[in-house]
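Heads up: the protein sequence lines correspond to chains Z and L, in order.
Counting in the working numbering, the first sequence runs from 1 upward without gaps.
Counting in the working numbering, the second sequence runs from 1 upward without gaps.
Worth flagging that the hints you see were computed from the coordinates, not collected in a lab.
Positions of the beta carbon are idealized from the N, C-alpha and C atoms, including for glycine.
Hints may contain errors.
[Stated by the list, open to error] Listed next, the in silico DSS-like pairs over lysine-lysine satisfying Cα-Cα at most 27 Å (straight line): (1) K186/Z with K47/Z; (2) K47/Z with K132/L; (3) K47/Z with K276/L.
[What the hints assert, rightly or not] The following residues of chain L were derived to be distant from chain Z, with all beta-carbon distances above 12 Å: (4) R8; (5) K31; (6) H100; (7) A122; (8) L125; (9) T155; (10) R180; (11) V187; (12) D323.
So the chains spell out like this:
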Amino acid sequence: MAEIAYWEAIRRAHDEELAHDRMVIAMGEDIGVAGGTYKATSGLYQKYGAERIIDTPISENSYTGIGIGASMAGMRPIIEIMSINFALLALDTLINAAAKIRYMSGGRASCPIVMRTPGGTAHQLAAQHSARLARMFMSTPGLRVVTPRGPLDAYGMLKSAVRCNDPVIIIEHESMYNMRGEVPDKETFRPLEGAEIVRAGTDVTLIGYNYSVHLCLAAADKLAAMGVSAEVLDLRALRPIDRDTIRRSVEKTHKVVIAEEDEATVGVGSEIISVIIEECFFALDAQPVRVHAADVPVPYNRQLEKAAIPNADDVLAAALKVLGRV
Amino acid sequence: MNASDQKRLLREMIFYRRFEERSFEAYMERKIGGFLHLYSGQEAVATGVLEMARCGYDYVITGYRDHVHALKAGAPAREVMAELYGKETGSSRGRGGSMHIFDPTVNFMGGYALVGQPFPLAAGLALACKHKGTDQIAICFLGDGANNQGTFHETMNMASVWKLPVLFVCENNLYAIGTRIERSTAVTDQYKRVAAYDIPSSQHDGQDIDIVMAAATDAIAHVRSGRGPYFIEFMTYRQRGHSMSDSNAYRSKEEERLWMERDPLKIYGGRLKKAKVLTEKDIAAMEKSVLEEIENDVVRFAEESPEPRVEDLNKYCLDDQPDPRWIGPLAQGEQHG
């Protein structure tokens, strides 16, 4: 078991899958000779060559489409989109083609692509480099959407995504690539479905995904110091949602906070609250509270950016509200 | 080409015309729904190009006017008609309809309704051919209107940089739905546009199948030899409207009359008669046997086939039998703090 960075975990998954199956390729902007914006493919161009680590022009929609076409003929492309903001350019091939081809061919064709892309706000990157957009992908039938919160899932979910026969979107985070965590030395696969109880508790459930899990964990520490036992649930997959694990946790704690870095409207939180109402409405002792971004394009100014994006204290305040302590 | 192949080709084109016209009737009877885009008038292009390709081995992909490309690529006519009827026995199990015919068993990789979307998909199929090291190629049929999409420019650039074995076939029928090419497109000769991406190209008459086959032979040889993509433009004309709701109000009767005289079936049938390969009587017999085949076999199969079951609504959204090792859910022991 070694402690490695999130980017190293992604790099290792690439390396193992490229070695395992010659039909696996990686494609994206600056992933080859330059080694990847976040180093996630560094050294692989030297090891596997230009035919398998493909530097693409700045043509997101069409290189995604090329990956999709290749996948229909037996390839396993890992497509990197440098920032989730740019994934908007690839929505036609991703949503109109990859997500629909299996269905509209009556199951006769499939598109086993992986699209990796970082969402989230980092440090003053302003409105066109700070989108999150998880809520948009999670509403699309025909896709799988996963949100690894640390190196173990970043590694193991990428490996599973390459092997899986469906199109999988992996949403990473600009601020997590240097986050460190333990990953087993032996080859490990992490499933693409199933929420995870990251910290067990009895008084309130804090639900997060991707970066917001860490806000929930920090809030849980503060709550513990106040004598409150918080359970932290990492959704891990936004499509499909693990309804059972959510229900079991709410039936135990009866109180819920959902933390998302995205805007609230038609978002992850609204979806999770709907799930809770449908699954276990009568288990609730208080109305659920959403923690989310301000409803504005992300500002450049440091103070404004900080105010726009939720932090651990916001999750703590929401928990205290649900607990009736304010 | 010997006489029996010439007769077969003429019969194929007659079959495609009657298939389309019969689906028009079924549409009017409301047995076919949605949008229906007919290929009547353009038959020589798909028939001629794919005659020179290795159908079942090479990949073929196209837009929404896709019935004839699927048929010539090798999709069974019964299944294509059943798809138009939305039946479980259809090419896409009734889930796709007219615009989304698929038959991967013969490497026909689909019809797509997003104009220009097949460009990158075709390049991707070609990338896979190149990667596998086979001499397969990908053939992408699209209309002139598709060339005004960003995917055209992005894909031509990548196909050229990466020397992908893909043949782009532009069926220039002069209209993007109802907008004539001069009104929407700065360079009306489509083959000239790929010069910007250093892709070799040429323009030919698309109504004469002998010309189409000769041009396609050279283009396919270029692509199959590993020298990269080729772009071939055929001048053609759809005899019917863009889709069923189109009255062709934007075209002059005189223009339509001139192109009707250049009907690909008439041109080829006339040539075979002149060469004494066939008589007028032979052609009439051929027409009759085609009509009988379509009615008694193709349409009958579609009519008698079952509808998809409503219980299967959610089938085919994702892999229906996924390997639990990759999918989950997370076992209790796998949870980590």
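Inset, instruction - Return the numbers of the hints above that this structure violates; sort them in rising order. - result: 3, 6, 7, 8, 9 and 12
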